[in-house]
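Colleague: Listed here are the chains, written in short residue letters.
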Amino acid sequence: MVDRKAVLDAMAEFFAENFPNVPRNNIEGMKASDVIQQSLDLVEFVLHLEEKLGLEININTLGEKLITKTFGELADDLVTIGKGA
Amino acid sequence: MSRYIRAIYAPLVGVRVSNQELLNAIALRFEALEVDDAEKNALFDFVRLLLIGHRTRFAQYAERFLWMNSFTDHARAFAQAIEESINAIAEQIEAAPSGKPFDAVFGVSSEGLLLPGIAERAARRLGSLVRRTATQMDVGNGGCTASVRTIQLVQNLAPEMRNILILVMEPTSTLIDPKSTARSNWQGICTFGDGAAGVWISDEPGEGALELGKLSSWRGDATELIRWDWGTDYYRFGIAELEQFEVQVRSQVLQAMTELQVEKDPEAAWAIHPAGIMLLLSLAKKLGLARSALEPSINHFRACSNMSSVSILHILKNVIGCAGSGQSIRWLSMGAGFHVACGSGVRL
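Here the protein sequences line up with chains Z and P, keeping their order.
Take the first sequence: its letter number 43 is residue 42 in numbering that gives the first Met the number 0, and every next letter is one higher.
Take the second sequence: its letter number 29 is residue 28 in numbering that gives the first Met the number 0, and every next letter is one higher.
Read the hints as simulated data drawn from the structure, not as lab findings.
Hints should not be assumed to be uniformly reliable.
[To be verified] BS3-like cross-link-like pairs, simulated, lysine-lysine; straight-line CA separation at most 27 Å:
#	chain 1	residue 1	chain 2	residue 2
1	P	Lys178	Z	Lys64
2	P	Lys39	Z	Lys51
3	Z	Lys4	Z	Lys82
4	Z	Lys64	P	Lys39
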């Protein structure tokens, strides 16, 4: 079971470490594609979430949502994935 | 008996195409796709995800590769790419000839068929550098592990086979199915790039050679995971269950590493097949490798994308070139079969 706040905290932690210029007061409303523009960063982001949330995230399942959705919407998807874990 | 990699020939063939250039070309091609807008837009978002960031690949049929329209277009593109690749490798061999004619030539590719084969064409091109009596044979359908499994095969040949040339060419762009909306097709298009490489293996050591150590391979149960499907006019990239692809690949590779007893060896220099950055980073953790140890593989992926079984040879050439005398070198490759192949050696 994954808590939505835990997902957003893990995301915020990743941005603090890797994208310090990204304002962290509105992560939920930001689109992933506005922040992550390199495939390596995208993979690092997914691996960071896996490690922090104890989930195995299938990048193919999330698919294009990784660039078309907001982080808030992604957090909702990860909560759903966590329920199935 | 000991065998040595005496040289790796790693020319770049074709035209360099960036992610942005490929995305623009695909956008243009999508305009002609006869599917509804919702499906087209979703597919294009998927392509955007696959082409995020700065990465390039080489395409040998760049001007028309998204507009191939018949079996003949594909087969001709394959034949032309093979000729170009043979010439590019031959030029490098001729620039620094081995001094002794090759006793065997093996051609490796998984994208098409040719008669005469790659080995015979290469032997003809190389003239007196290949004995008339040399064994000449092609190895097909090996996927991304084909080159290292051929090295494994060569290591086990009879001692009278003293100097052996392996020519690997993977013109993956000739498999593009521009009319298909299958996601696995577009995943292949965005992931792969064309490549060519050659390896000279000898029973004699030489300056900068790599003495081959233990080579092994493993086949898992996910036989259909990566495959060629039948496309509109030709074969095309296929994946059994795209949604489970990443997870299954990771699982198969980790199972193989356990069974093959690929132990942690952080002192070694590593060449890892760039099947994807996600997999590379996961493997690095499993192998206890520092991120810097992955740089040769990541840099190759950024510049050339996944050249199927050619990639590991380009990476290995770089790793051997940077290694000092006595340095242990390891490699790991994975692909259709589902095969995982690994090897080790010591730089002389």
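Colleague: None of the hints should be skipped; say for each whether it holds.
Modeller: Hints, verified against the model:
Between Lys178 (chain P) and Lys64 (chain Z) the alpha-carbon distance is near 24 Å, which keeps this suggested pair within the 27 Å criterion. Among the hinted pairs, Lys39 (chain P) with Lys51 (chain Z) is inconsistent with the structure: their alpha-carbon atoms are about 35 Å apart, more than 27 Å. Between Lys4 (chain Z) and Lys82 (chain Z) the alpha-carbon distance is near 15 Å, which keeps this suggested pair within the 27 Å criterion. For the hint pairing Lys64 (chain Z) with Lys39 (chain P), the CA-to-CA distance comes to about 15 Å; that is within 27 Å, so the pair holds.
Of the numbered hints listed earlier, the single one contradicted by the structure is hint 2.
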